[in-house]
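Next come the chains, spelled out residue by residue.
Number of protein chains: 2
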Amino acid sequence: MLIRNLEEVPSFPYGNGAQKRVVIGPKQGAPNFVMRVFDVPPGGSSSHHAHDFEHEVFILQGEATAKSPKGDFPVKVNSSIFIPANEKHQLVNTGTETLRFLCMVPLHGEDTP
Amino acid sequence: MLIRNLEEVPSFPYGNGAQKRVVIGPKQGAPNFVMRVFDVPPGGSSSHHAHDFEHEVFILQGEATAKSPKGDFPVKVNSSIFIPANEKHQLVNTGTETLRFLCMVPLHGEDTP
Numbered sequence: 002m003l004i005r006n007l008e009e010v011p012s013f014p015y016g017n018g019a020q021k022r023v024v025i026g027p028k029q030g031a032p033n034f035v036m037r038v039f040d041v042p043p044g045g046s047s048s049h050h051a052h053d054f055e056h057e058v059f060i061l062q063g064e065a066t067a068k069s070p071k072g073d074f075p076v077k078v079n080s081s082i083f084i085p086a087n088e089k090h091q092l093v094n095t096g097t098e099t100l101r102f103l104c105m106v107p108l109h110g111e112d113t114p
Numbered sequence: 002m003l004i005r006n007l008e009e010v011p012s013f014p015y016g017n018g019a020q021k022r023v024v025i026g027p028k029q030g031a032p033n034f035v036m037r038v039f040d041v042p043p044g045g046s047s048s049h050h051a052h053d054f055e056h057e058v059f060i061l062q063g064e065a066t067a068k069s070p071k072g073d074f075p076v077k078v079n080s081s082i083f084i085p086a087n088e089k090h091q092l093v094n095t096g097t098e099t100l101r102f103l104c105m106v107p108l109h110g111e112d113t114p
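Protein chains in written order, with our numbering: chain H, 2 to 114; chain X, 2 to 114.
Quick caveat, the hints were computed from the structure, so don't treat them as lab data.
Treat the hints with caution; some may be incorrect.
Chain copies aren't distinguished; within one or between two, either way the pair holds.
With a Cα cut of at most 16 Å, we get these calculated EDC-like pairs of lysine to aspartate or glutamate [stated by the list, open to error]:
| no. | residue 1 | residue 2 |
| --- | --- | --- |
| 1 | Lys28 | Glu64 |
| 2 | Lys21 | Glu8 |
| 3 | Lys71 | Glu88 |
| 4 | Lys28 | Glu111 |
Please put together the full structure from these sequences, using the hints given.
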């Protein structure tokens, strides 16, 4: 069992003002999927992109617009978002506090050195 | 993209007073891993068990003791816990509010009908 509090995990810049933490990844022994946490300041956003693996997202704090090919949808704390492989997506912080969300990917979707 | 807020997801009894929600699972199209959320009342606990797949846990609310073969460890909101396959484990709510945590498993670790 490995326990780490979020503040112990190093963060680094990612996207438009965002910060990324790899909370449980290959270095912690994760064999199948990776837990990352992103912090996005008000007005900031995650990347607007698509890739060949899915996301499973859970909003921990704040408010955002989730952009998809089918339109824009509001999300907030306790919202879950399943983004299938190859679907373009972006999360834009539309609130006044930091948007924090958990974003899980399969092992091959995590490329942090 | 599929968005569901936690309160929209049906919950059912699991373990010692706990409630379980399958937030993103096979029915939502998850191809590799499953997002579940557990609520455990004060004094309650998750199962004390081991199995052939890993857990990746993130504490969303409350305080708990994480029991492992190496001892008992305190965890709280924003703690992450990696539990390797075949390691015995349990989360016991030691606080005064509901313990809520996210618990990810590979697809074959989720057996909710």
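So, going through the hints one by one against the coordinates:
no., hint, in the structure
1, Lys28 <-> Glu64, "neither (31 Å within a copy, 26 Å between copies)"
2, Lys21 <-> Glu8, "within (12 Å within a copy, 27 Å between copies)"
3, Lys71 <-> Glu88, "within (10 Å within a copy, 43 Å between copies)"
4, Lys28 <-> Glu111, "within (11 Å within a copy, 25 Å between copies)"
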